[in-house]
Amino acid sequence: MIKCDHVNKTYKDTVVALDDCNLEIGKGEFVFLVGPTGSGKSTLLRLLLKEEEPSRGEIHVAGKNIGKLSPWKVPMLRRNIGTVFQDFKLLPDKTVFSNVAFALEVIGKPKHVIDQRVPEMVEIVGLGQKLNNYPDDLSGGEQQRVALARAFVNRPLIMLADEPTGNLDPATSVEIMKLLDRINRIGTTVVMATHDNAIVDAMRRRVIELENGKVVRDQDRGVYGY
Amino acid sequence: MRRLSYYFNETVNSLRRQGLMVFAAVSTVFISLFLFGGALLIGKEVNLILDYTTEKVQVAVFLQDTISDGDRSRLQTMLQDMPEVDSVRYESKQEAYRRFLQIFKGEPAITNNVTADAIPASFQVKLRDPSKFDVVAARLSGQPGIESIRDNRDILSKFFAVARILRLGAFIAGIVVLAAAATLIGNTVRMGVFARRKEIGIMRLVGATNWFIRIPFLIEGAIEGLVGSAAAIITLFILRRLFFNSFHNYILFWPVIPTSEVVLYVPILCGIGVAVSLLASFVAMRRFLEV
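For the record, the sequence lines run as chains U and H.
Under the numbering used here, think of the first position of the first sequence as 85, with each following residue one higher.
Under the numbering used here, think of the first position of the second sequence as 937, with each following residue one higher.
Hint data in this document are derived by calculation from the structure and do not stem from the laboratory.
Small disclaimer: the values here were computed from a predicted structure and weren't measured.
Please note: incorrect hints may appear among the correct ones.
Computed cross-link-like contacts, DMTMM-like style, restricted to lysine to aspartate or glutamate with a CA-CA straight-line distance of at most 20 angstroms [unchecked claim]:
{"no.": "1", "chain 1": "H", "residue 1": "LYS1134", "chain 2": "U", "residue 2": "GLU136"}
{"no.": "2", "chain 1": "H", "residue 1": "LYS1134", "chain 2": "U", "residue 2": "ASP220"}
{"no.": "3", "chain 1": "U", "residue 1": "LYS87", "chain 2": "U", "residue 2": "GLU142"}
{"no.": "4", "chain 1": "U", "residue 1": "LYS178", "chain 2": "H", "residue 2": "GLU1083"}
{"no.": "5", "chain 1": "H", "residue 1": "LYS1068", "chain 2": "H", "residue 2": "GLU1135"}
{"no.": "6", "chain 1": "U", "residue 1": "LYS195", "chain 2": "H", "residue 2": "GLU981"}
{"no.": "7", "chain 1": "U", "residue 1": "LYS193", "chain 2": "U", "residue 2": "GLU204"}
{"no.": "8", "chain 1": "U", "residue 1": "LYS173", "chain 2": "H", "residue 2": "GLU1135"}
{"no.": "9", "chain 1": "U", "residue 1": "LYS262", "chain 2": "U", "residue 2": "GLU113"}
{"no.": "10", "chain 1": "U", "residue 1": "LYS193", "chain 2": "H", "residue 2": "GLU981"}
{"no.": "11", "chain 1": "H", "residue 1": "LYS1134", "chain 2": "U", "residue 2": "ASP171"}
{"no.": "12", "chain 1": "U", "residue 1": "LYS173", "chain 2": "U", "residue 2": "GLU113"}
{"no.": "13", "chain 1": "H", "residue 1": "LYS1134", "chain 2": "U", "residue 2": "ASP246"}
{"no.": "14", "chain 1": "H", "residue 1": "LYS980", "chain 2": "H", "residue 2": "ASP1007"}
{"no.": "15", "chain 1": "H", "residue 1": "LYS1094", "chain 2": "H", "residue 2": "GLU946"}
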């Protein structure tokens, strides 16, 4: 589903973000991406979304060499990838319903599809009672669930999560992880960059560790540290 | 349908949020196109007057009162034989006086002080090519009985010079202001993009196409251009009514551009306004909307 082949990324020719990075992630896998700040986790996620181009190497996502993807096809790539972030990225002037519906609206889904799928999706993340609330009325955990609903409402093949629990307390984090696990169990490939050792240790999934842009560990059913 | 209402809402919201900037952009489009339209109108008017005058007599050969009948008929034959001359008409003192009375009827202050005696007889000559006046004048010089020869185009040439400068000035000013208008529209669009950068970021993340993101901003720019050009067109129509028509009342031979011709400028001005606005919006967004 995801394959990186000798991927290098340098900024301004001097700062090395990724250094000869090779990895392969199969369909339906759940992968933790760990490593200290600045080790290249976020860069890797941005490259997978084709927000940036690798300096060298090839990246395949969902069977396509995204380096060869013409710019106007990039939106189609992104429709196959759901994304959640540490800071939720919700629009404060839209309700829960509108925030989730936004993801479908901007890719041109008809209204009857939106009216059906959005409440379903919000129900799945457990916020069925709060469809008409605004993000500011919600707790951090609830906001992240809205973000998850938005990322998954179009049923993408891949979920990318960049420290989704970074702003949340441990109990709330567990709830988010249960949702990600559920999303993974229906066949979605999940890649999650995180610093949360408790979660990584509890889930016992594949762990890929980056350090200075290099893959230094790739372990099935791994833990956060050695 | 849903898409159309989305574009519409986005555009309206954005225009409302940036009221003052939008006003500045629309005003500059208005000023620019007003100058352009003014240049077009002045140019058209000058051409009309030129047509009108060149259709009429170009050269008047005034005769001395003492000219003999023999000299007069010799002059007439001479003029008629010149290849440059299209037609010659003799205007006697009485005919000239009647025409004078006609032109200045309702101006007793002028007509009361001039007798038929004061107005000379003349040959009213029409040339095939008005610019050949010098040739004709040279051939006539030294002939007996001629008081003076007048090139009628001389009378209007000062007016034409002023009109040309006015037209050129309006045209150049129009271009300069149009550049300012383009910058201002580009800037409003850019500020709109900046104000909504978070939203746009999410749109790109969930796979909205670039055109989907761009279209509301392009519509916004086009509306600003369209409103500005509409205002310019309305103002030009009003000014044409106020000024040209009142000139027409004072100067009888002043031709006024027919409305049907002015209407032809409407699509030109709207076209310029919208095209420049779209281009400015597009260029302004380029940098912000790279994938």
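Hints versus structure:
Under the criterion of a C-alpha separation no larger than 20 angstroms, the hint pairing LYS1134 (chain H) with GLU136 (chain U) is consistent with the structure, at around 18 angstroms. Our distance criterion of 20 angstroms between C-alpha atoms is met by LYS1134 (chain H) and ASP220 (chain U), whose separation comes to about 16 angstroms. Distance check on the hinted pair: LYS87 (chain U) and GLU142 (chain U) sit about 8 angstroms apart at the alpha-carbon level, within 20 angstroms; holds. Straight-line distance between C-alpha atoms of LYS178 (chain U) and GLU1083 (chain H) comes to about 90 angstroms, which puts the hinted pair past the 20 angstroms bound.
Only pairs whose Cα atoms come within 20 angstroms are accepted, and LYS1068 (chain H) paired with GLU1135 (chain H) is rejected, the gap being roughly 71 angstroms. Under the criterion of a C-alpha separation no larger than 20 angstroms, the hint pairing LYS195 (chain U) with GLU981 (chain H) is inconsistent with the structure, at around 56 angstroms. A threshold of 20 angstroms between alpha carbons decides the hint, and for LYS193 (chain U) with GLU204 (chain U) the separation of about 16 angstroms falls inside it, so the pair holds. At most 20 angstroms may separate the alpha-carbon atoms for a hinted pair to count; LYS173 (chain U) and GLU1135 (chain H) meet this at roughly 9 angstroms.
About 15 angstroms separates the Cα atoms of LYS262 (chain U) and GLU113 (chain U), which keeps this hinted pair within 20 angstroms; it holds. Under the criterion of a C-alpha separation no larger than 20 angstroms, the hint pairing LYS193 (chain U) with GLU981 (chain H) is inconsistent with the structure, at around 56 angstroms. For the proposed pair LYS1134 (chain H) and ASP171 (chain U), the alpha carbon gap of about 12 angstroms is at most 20 angstroms, so the pair holds. In summary, the hint linking LYS173 (chain U) to GLU113 (chain U) is not supported, as the alpha carbons are separated by about 25 angstroms, beyond the 20 angstroms threshold.
Proximity of LYS1134 (chain H) to ASP246 (chain U) is assessed by CA-CA distance (about 17 angstroms); at most 20 angstroms being required, the pair is judged to hold. Proposed proximity of LYS980 (chain H) and ASP1007 (chain H) is contradicted: the alpha carbons are some 43 angstroms apart, above 20 angstroms. Straight-line distance between C-alpha atoms of LYS1094 (chain H) and GLU946 (chain H) comes to about 54 angstroms, which puts the hinted pair past the 20 angstroms bound.
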